[in-house]
Each structure stands twice: as structure tokens, then as C-alpha cells.
Amino acid sequence: MGRIIAIHSYKGGTGKTLLTVNLAASYARRGKKVCVLDLDFRAPSLQSIFKLEHSEYWLNDYLNGACDIKRVLIDYTTQCRCDGSMLVGLANPATEALRDMSAKDRKWEMRALGRLLSLKNTLLNDMELDYLLFDTSPGLQYSSINAIVSADVVLVVSTIDASDIEGTKRMTHELYDLFEKKTAILMNKVPIEFLSTSADRESVYKRFENTHTLPVLKVIPCFCDVLRAGGTKIFCRDETDHPFSKHVEEIAAKIEKF
Amino acid sequence: MCLSQILGVDELAMSRSLGKNSAVLLEKIKESLDKLNEKMEVFIEIQKHERKQEFAVQDLPEALDVMTLLSLPDHLRKTAVTICKLGHATAEEVAEQTKRARAVESGYLNQLVLMGYLKKERKGRKAYFFVEGKEE
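As you go down the protein sequences, you meet chains A and B in turn. Numbering-wise (the numbering used here), the first sequence opens with residue 1 and increments by one. Numbering-wise (the numbering used here), the second sequence opens with residue 1 and increments by one.
No lab work stands behind these hints, which were simulated from the structure alone. Predicted model, so just to flag it, every value in this text is computed and none were measured. Be aware that one or more of the hints could be misleading.
Stated by the list, open to error - Simulated pairs of lysine-lysine, PhoX-like, Cα-Cα distance not exceeding 25 angstroms: (1) A:181 to B:99; (2) A:70 to B:85; (3) B:85 to A:181; (4) B:85 to A:182; (5) A:120 to B:85; (6) A:169 to A:254; (7) B:85 to A:107; (8) A:107 to B:119; (9) A:104 to B:119; (10) B:99 to A:33.
Stated by the list, open to error - Computed footprint of chain A on chain B; a stretch qualifies when at least three of its residues, placed anywhere within it, have a C-beta under 8 angstroms from a C-beta of chain A: (11) 64-72; (12) 78-85.
We treat Cβ as the ideally placed atom computed from N, Cα and C, and that holds for glycine.
Whenever a hint applies, use it, and build me the whole structure from the sequences.
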């Protein structure tokens with residue numbers, strides 16, 4: 001059976017969305033059937049990255065119980081230029097929708113959790129997808145905790161920022177551990193000089209693993225090309241030989257064994 | 001009270017059964033003990049929460065949402081998350097997932113019922129636990 005991966009972080013701007021999209025593209029290029037859902041209802045961004053026009057229904061509608069998940073999903077396989085397949089589910093970026101989602105009560109959140117949990121059956125069992133990826137809101141949000149509870153694996157993206165590392169450590173003890181989730185850290189935007197020799201790389205991995213008390217799946221250097229692209233490029237599709245794409249491919253391979 | 005009375009079979013029938021089909025009788029004893037055990041667990045939980053009940057009635061939790069799940073003690077959270085995943089389930093089905101003993105899960109489930117987070121209904125001989133309002 002396929003797996004659900006939630007990509008989360010303590011702070012915003014750590015590179016969750018970019019890593020989610022590239023991870024999905026990497027799996028699709030390996031011939032896997034993947035689906036990416038934008039569960040960041042406070043700041044939806046998949047629509048802009050995938051350059052998609054408009055879907056009949058949004059993920060908001062699915063969580064509201066207004067439609068079936070299949071009505072939300074957009075087939076991105078052709079644009080992905082992959083051997084597998086890719087589906088995308090978007091969150092509504094309209095200000096009204098953001099306001100509506102932030103005003104939901106606990107009962108609604110409980111039902112939303114039920115709907116997310118049922119995706120395991122509809123998408124992984126019935127549609128036989130290999131990977132379902134959740135791009136989440138940073139920090140302790142209802143939507144992100146719902147995503148974490150529904151996921152099989154949680155990837156936590158952190159930068160070397162001290163407040164980010166502290167917050168990630170707190171969330172490890174007060175969130176991921178409590179739900180007994182398979183969790184791994186992705187250190188992103190690490191200055192390249194920290195990783196110049198293999199001894200440096202080894203010590204960086206050890207340092208972060210000791211800090212987080214969780215496996216560090218990958219330490220990704222900060223690439224100017226990635227920053228320059230400004231979120232308009234899917235590296236694992238457009239520049240497969242780029243070192244960033246290679247890093248993501250290694251993460252994809254590690255998750256398969258994780 | 002003798003065993004035949006507890007099981008609701010007459011002694012003659014019991015002695016016949018013992019001779020011919022002791023496995024069936026033992027199965028009946030096991031089932032009855034299971035039932036008894038479950039009832040005892042409920043009594044224990046009711047006693048444990050007698051004082052808290054008054055408070056629970058005044059401030060009934062509205063929903064078993066993720067923030068509530070986070071606030072539960074570890075042993076109850078595991079049970080509650082499993083019920084969220086399974087929807088409608090017996091203590092046995094929960095125990096299969098959590099790899100804990102059925103009687104233990106039965107105790108935790110009944111505790112969650114008393115706390116107002118879960119509902120319980122009987123269908124025949126089985127007791128099902130579920131989150132109320134999840135399907136609305």
C-alpha cells in the first residue's frame with residue numbers, strides 16, 4: 001500500500017512547498033503514482049508553482065463535505081513529463097476563503113480530520129497511488145496537525161536559524177512524538193561552506209542528529225539558483241542534473257526505505 | 001453461586017456437555033468471563049471518575065479534535081487516535097491496532113466515553129465505540 005507523507009516545519013519560509021513539489025516530481029519521474037495536496041489554507045501556494053488555472057472544486061470544498069476528492073484533483077501528468085502520474089489538489093487562495101478557513105470551529109476540524117484520514121482509503125487503496133504528499137502550514141495549526149495525524153511519515157524541514165531549530169526540537173517532543181509518527185529532519189538552506197569536505201558533512205549530520213534526536217534524512221545546501229528561480233521552476237522536472245534535484249532524488253530514495 | 005448458575009445451564013446438561021464437548025463449555029465460560037470482565041471495567045472506571053463526573057457534565061467536551069488529542073494522556077491518546085482512524089470499532093479491533101490487550105483497550109475506551117469524547121452502542125453482543133458528530 002502507498003504512503004502518506006506530511007511535510008511540515010516550525011517556521012515559514014523553510015522550503016516546505018519547494019521540497020514537496022520536487023519530491024512529487026521526483027517520484028512521478030521514477031514511474032510512481034503521486035498526488036500532492038495543498039493543506040496550507042492560510043497561504044496556499046501550489047496553484048502558483050504549478051501554474052494551474054482554476055479547479056472546479058478546492059480542497060476547502062472537500063473538507064467542507066461539499067464534494068468528492070476526485071472533483072478536486074487536477075491531472076498534472078502531461079505537464080510533469082513523467083513516466084508515472086501526478087495529481088494536484090489546490091487550496092482556495094481567495095481572501096474570503098482564507099478568512100472562512102481561519103474561523104472554523106473544533107467540530108469542523110474534527111470532521112476535517114475524518115475526511116483527511118479517509119483519503120488513505122480513497123486515494124491509496126482505491127486509486128492505488130504510491131505517494132500522497134501533504135504540504136502544510138508551518139507551526140501548530142489545526143490543518144497541519146490534522147495532516148500530521150493522517151500521515152504515515154512526517155518530514156520536518158528546518159533551516160540553521162536558531163529559533164527554527166529550537167522550535168523544531170519543541171515540536172518533536174510536544175507533537176510528533178505524541179502521535180508516534182515516523183519523523184525525519186530535512187535541514188535546508190545550509191551554507192555551502194559547512195559542507196565542503198566529507199568530514200564537514202559528517203560532522204554537520206552528527207550535530208543536527210544530536211540536536212534533534214531524530215534521523216536527519218538530508219542536509220541540503222543553499223543554492224543561489226533555487227533562490228533565483230523564485231519558486232517558478234520545478235527543478236526535478238526542468239533541471240534534472242542540477243545538484244538540488246540530485247539531493248531531492250536522494251531524499252526520495254531514502255524515504256522509500258524509511 | 002455455582003458455575004452452572006452463572007452460565008445459565010442446568011447441571012445435567014452441564015455434566016453431559018463436560019463429557020461430550022468440554023471445548024464448547026470452556027468457550028462459554030470464557031465468553032461469560034469476558035462479559036463479566038468488561039462490566040467490571042466499566043464499574044471501576046465509573047468509580048474512578050465519580051468525582052470528575054459532575055465537572056464533566058458542566059463542561060462537556062464538544063469534539064475530539066487534534067488539540068484535544070494533544071491534551072490527552074499518552075495511553076488514552078493512542079486509543080482515541082485509533083478510534084478516529086477506524087471510525088466505528090470494538091475494543092478488540094482497537095487492540096489489534098494498538099497491540100495492547102483487549103481488556104486494557106476496553107478500559108481506556110470506557111474512560112473516553114465517561115470523559116464525553118466517545119459514544120458507545122451495543123449491537124447484539126458487541127459494544128461499538130465511535131466519535132459522535134464525525135459523520136455529520
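Query - Per-stretch coverage check for the region 78-85 of chain B, three Cβ contacts closer than 8 angstroms to chain A - result: Result for this restraint: holds, n = 4.
Query raised in the report: Hey, residue 104 of chain A versus residue 119 of chain B, does the alpha-carbon distance stay inside 25 angstroms?
Result: holds, 23 angstroms
Query raised in the report: Would the pair residue 181 of chain A and residue 99 of chain B pass a check requiring their Cα atoms to be no farther apart than 25 angstroms?
Result: Judged against 25 angstroms, a Cα distance of about 16 angstroms means the pair holds.
Query raised in the report: Within 25 angstroms, alpha carbon to alpha carbon, are residue 85 of chain B and residue 182 of chain A?
Result: Cα-Cα ~17 angstroms, so holds.
Query raised in the report: Does residue 120 of chain A pair with residue 85 of chain B here, judged by a C-alpha cut-off of 25 angstroms?
Result: holds, 10 angstroms
**Report entry** residue 85 of chain B paired with residue 107 of chain A [C-alpha distance capped at 25 angstroms]
**Finding:** Measuring from Cα to Cα gives roughly 16 angstroms; hence the hint holds.
Query - Given pair status - residue 119 of chain B, residue 107 of chain A, alpha carbons within 25 angstroms - result: Since the Cα atoms of residue 107 of chain A and residue 119 of chain B sit roughly 15 angstroms apart, the hinted pair holds (cutoff 25 angstroms).
Query raised in the report: Is the Cα-Cα distance between residue 70 of chain A and residue 85 of chain B 25 angstroms or less?
Result: Since the Cα atoms of residue 70 of chain A and residue 85 of chain B sit roughly 21 angstroms apart, the hinted pair holds (cutoff 25 angstroms).
Requested in this report: Could you grab the alpha-carbon distance between residue 99 of chain B and residue 33 of chain A and see if it respects the 25 angstroms cut-off?
Outcome: violated, 31 angstroms
Requested in this report: Starting from residue 169 of chain A, check that the Cα of residue 254 of chain A is at most 25 angstroms away, please.
Outcome: holds, 22 angstroms
**Report entry** Verdict on chain A covering the region 64-72 of chain B, where coverage means 3 or more residues with a C-beta closer than 8 angstroms
**Finding:** Since 7 is at least three, the answer is holds.
Query raised in the report: Is the straight-line distance between the alpha-carbon of residue 85 of chain B and that of residue 181 of chain A 25 angstroms or less?
Result: holds, 14 angstroms
When the structure is compared with the earlier hints, a violation turns up for hint 10 alone.
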